[in-house]
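Colleague: Chains as they are written, first to last, in my numbering: chain H, 120 to 577; chain F, 120 to 577.
Watch out, some of these pointers could steer you wrong.
To be verified - Heads up, simulated DSBU-like pairs for lysine-lysine below, C-alpha to C-alpha not over 35 Å straight-line: (1) H:449 / F:449; (2) H:124 / F:398; (3) H:463 / F:449; (4) H:366 / F:366; (5) F:449 / H:517; (6) F:366 / H:463; (7) H:398 / F:124; (8) H:124 / H:398; (9) F:124 / H:124.
What the hints contain is simulated information worked out from the structure, not anything from laboratory work.
Number of protein chains: 2
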Amino acid sequence: MNTDKALLVDLYELTMAAAYFEHGIDCRATFELFVRHLPAQRSYLVAAGLDSALTYLENLRFSEDDVRLLREQSAFQTVGPEFFDYLREFWFHGDVHALAEGTLAFADEPLLQVTAPVLEAQIAETYLLSVIHYETLVASKAARVVRAAAGRPVLEFGTRRAHGPEAGVRAARAACLAGCTATSNVLAGALYDLPLAGTAAHSWTQVFADERRSFEALLETFPDTAILLVDTYDPLVGAEIAATLGKDVPGVRLDSGDMMEKSRYVRDILDRHGRRATKIVASGDLNEYRIEELIAHGAPIDSFGVGTDLVTSRDVPALSVVYKLVETEKSGVVEPKTKFSEEKVYWPGRKQVFRFSQQGKYHHDLLARAGEEYPEAAPLLEPVMEAGRRLAPAPLVKEIRERTLANLACLPEAYHLLREAPAYPVEKSAGLDRLLEEVRMQRLGAAKASPQREVISS
Amino acid sequence: MNTDKALLVDLYELTMAAAYFEHGIDCRATFELFVRHLPAQRSYLVAAGLDSALTYLENLRFSEDDVRLLREQSAFQTVGPEFFDYLREFWFHGDVHALAEGTLAFADEPLLQVTAPVLEAQIAETYLLSVIHYETLVASKAARVVRAAAGRPVLEFGTRRAHGPEAGVRAARAACLAGCTATSNVLAGALYDLPLAGTAAHSWTQVFADERRSFEALLETFPDTAILLVDTYDPLVGAEIAATLGKDVPGVRLDSGDMMEKSRYVRDILDRHGRRATKIVASGDLNEYRIEELIAHGAPIDSFGVGTDLVTSRDVPALSVVYKLVETEKSGVVEPKTKFSEEKVYWPGRKQVFRFSQQGKYHHDLLARAGEEYPEAAPLLEPVMEAGRRLAPAPLVKEIRERTLANLACLPEAYHLLREAPAYPVEKSAGLDRLLEEVRMQRLGAAKASPQREVISS
């Protein structure tokens, strides 16, 4: 796939850009990227995708090919050549504030805040939404799965069922930064220095006439790491064979059937043959709910390979994530913005998120206007890019993982419930309330002044 | 993102490859890629992803960097240097049969059948599953949405909520090949020659002090194509303004609220001002169920912009897709393969799918062994690659779209029901039944001969 990113946008970003350009509209604009509502199955989000977002903004350029392709589109036939000259010189000059990856976030809280010439901030919308949304979606799911596993390693195995192989790479990074121990995705491992994990497929065993011989052969090549998949024919027979190879076996994997019962039988077989060090890996449509149940019932499983449910966030495959204009500024005149169409009002103005703790545990958040001060709280949005330049190199995934785990440790127990967790309180400051009211009154004034208003009311 | 594809695999593909290599296992293997079960909400699949699959196989090479990165992984420390020399020379020599993109498919039917040296066929597993799965998932969802729209255009608007921007590009192509009229994804449009569609965002209107002025400005730049988003403040006021600009307005978009009621009011306003040619586009968390309802109730909506639900296949975000070894061949000795772990038995041997029609409508399918003949039925798996070379250039998306629409027209009405459609019959041939029984008996013999069997039974 061509991965030229400049054209990887919704058409309207570029048509609006052309129209802004042709009308000389060059205010600075602040957009905030946030999730409107958390679904019932998510009591928190783990912010992720910032590295992808900043890498995109740093490298966003329109090649001559991009410009040519755009000019050929019928939508652009009425756009003059000066706009395309503008695109040829385009780069992102804006400032970005963001929650650090691995920070817990809740509804209405900006994950990203972009302040730039309106045209630049607009063009970036589609890509920024897409990477922050997906990586946050997976990191948030992964944190739940890791929590359910109660300290036993969770291995990310999902690339084959991710929404394309590139999503698999993104998912591997997001899963590991949220607490997974390793991934099966080799490219993600190489790119982000993530531990790799893998076992063997049923095909490995099937190619051999004899199951025992297939196990021996894998151990000959990988004596220290081979995990034998024992359920190609009969998992108990497979386990018995694995236990009687006359050598140490690092692990066995179970991929089907009643995991509770199977894992107990297999543990017994291994132990009976003195293979107490041989680990049991479970896989096969696992998720946080199944894992919680397995652990609650004492299944002797040492680690969990989780794929489809993790990388597609199967119970919640999308969040209500949006990128909204909250403020424009031109010649020092600042105008806060929102919209008033039903149910889609949002908080206007540039914001800061303050997190209040008590006795080392998060107590509540306060969404406030940027510039408000609450010395007893931690402000979470921090500057990460100025005038198009990153302010610091990207942290390592293992550093982000530490932040995630530290954040999760500060979240009170109730919010960790996998089902019917209460909503973490996110209050809005009096200043923000007043601002919304001001914008509303101003808008009402404008609507009343409009000659159409009467027509509609009649 | 680095998109080097050779490492975009699960670790176990490469560890198994190393072990095959070190043990001199070089049989030819046939793997089939199929969906085990259709979920309740899907009565058919629209095959897609073949072009991505073949492009991958044609270009699969390991660069010196790939080899270096692999050798650095701890998993490969026990692997000798000859395997890495093998990877340096690697290319895919295999044959591929497949359902043409746009062909309807059902559970158990191979979408793809790969015959190659086992090591090559194994390495390709992860990527092939990922592209065929996701593109088929979206095409199958899109066909439902297009059907619900009953002839009104469906526009694919989902990139921002796709699982990463690359998934957005794949989704755009898959949606269009399954019947969507256009996409908002500019890169997908340019790469695959897809019609583009777009409107404007709320931010466009918000940047202007005055809604009327924002509409006028967009129409000045795009007199023939501008779609005005009228619900930033009050959709009826917005529609009134759009209707009284004193010039033709190509369309208006509604993005929130009760679409049924709103679209009627807006249509009335437009008509009252003589803007009968102005189209109404609806968007905002639409899917096939909502669209069916809107149309059943006569909503005057001319086209539907569908995003999140389409590109994430929200009600079914993953299919039970697998890539299974069905046969090995060495020196002319062919061995059919399956596995017998509970609930995961599959049909062994190389297969063909035969589709039987009556009076121009599909009647049932027959899954049979390759080589069986049913002259009255259409065989669906066709050769698409031989010895690593494509047999024909990729068809255009608009050609695939024709095939999809022709296929859908042959599917009897009952299977088009969005809810509780019956299962389309996929019978298995007597030859396939016999083969499964033979493999089962052979396996039982092998198990009985195993000294472990008694231990387990006791």
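Colleague: Indicate, hint by hint, whether the structure satisfies it.
Modeller: Going down the list of hints, with the structure as the test:
1. Annotation: proposed proximity of residue 449 of chain H to residue 449 of chain F is violated, straight-line Cα distance about 75 Å (limit 35 Å).
2. At roughly 32 Å between alpha-carbon atoms, residue 124 of chain H and residue 398 of chain F fall within 35 Å of each other, so this suggested pair holds.
3. Proposed proximity of residue 463 of chain H and residue 449 of chain F is contradicted: the alpha carbons are some 64 Å apart, above 35 Å.
4. A distance of roughly 84 Å separates the Cα atoms of residue 366 of chain H and residue 366 of chain F; the hinted pair therefore is violated under the 35 Å criterion.
5. A C-alpha spacing of about 46 Å is found between residue 449 of chain F and residue 517 of chain H, which places the hinted pair above 35 Å, so the restraint is violated.
6. With a C-alpha separation of about 30 Å, the suggested pair residue 366 of chain F and residue 463 of chain H falls inside the 35 Å cut-off, and the hint holds.
7. Among the hinted pairs, residue 398 of chain H with residue 124 of chain F is consistent with the structure: their alpha-carbon atoms are about 32 Å apart, no more than 35 Å.
8. A hinted pair counts as satisfied when its Cα atoms are at most 35 Å apart, and residue 124 of chain H with residue 398 of chain H does not qualify at roughly 44 Å.
9. For the hint pairing residue 124 of chain F with residue 124 of chain H, the CA-to-CA distance comes to about 18 Å; that is within 35 Å, so the pair holds.
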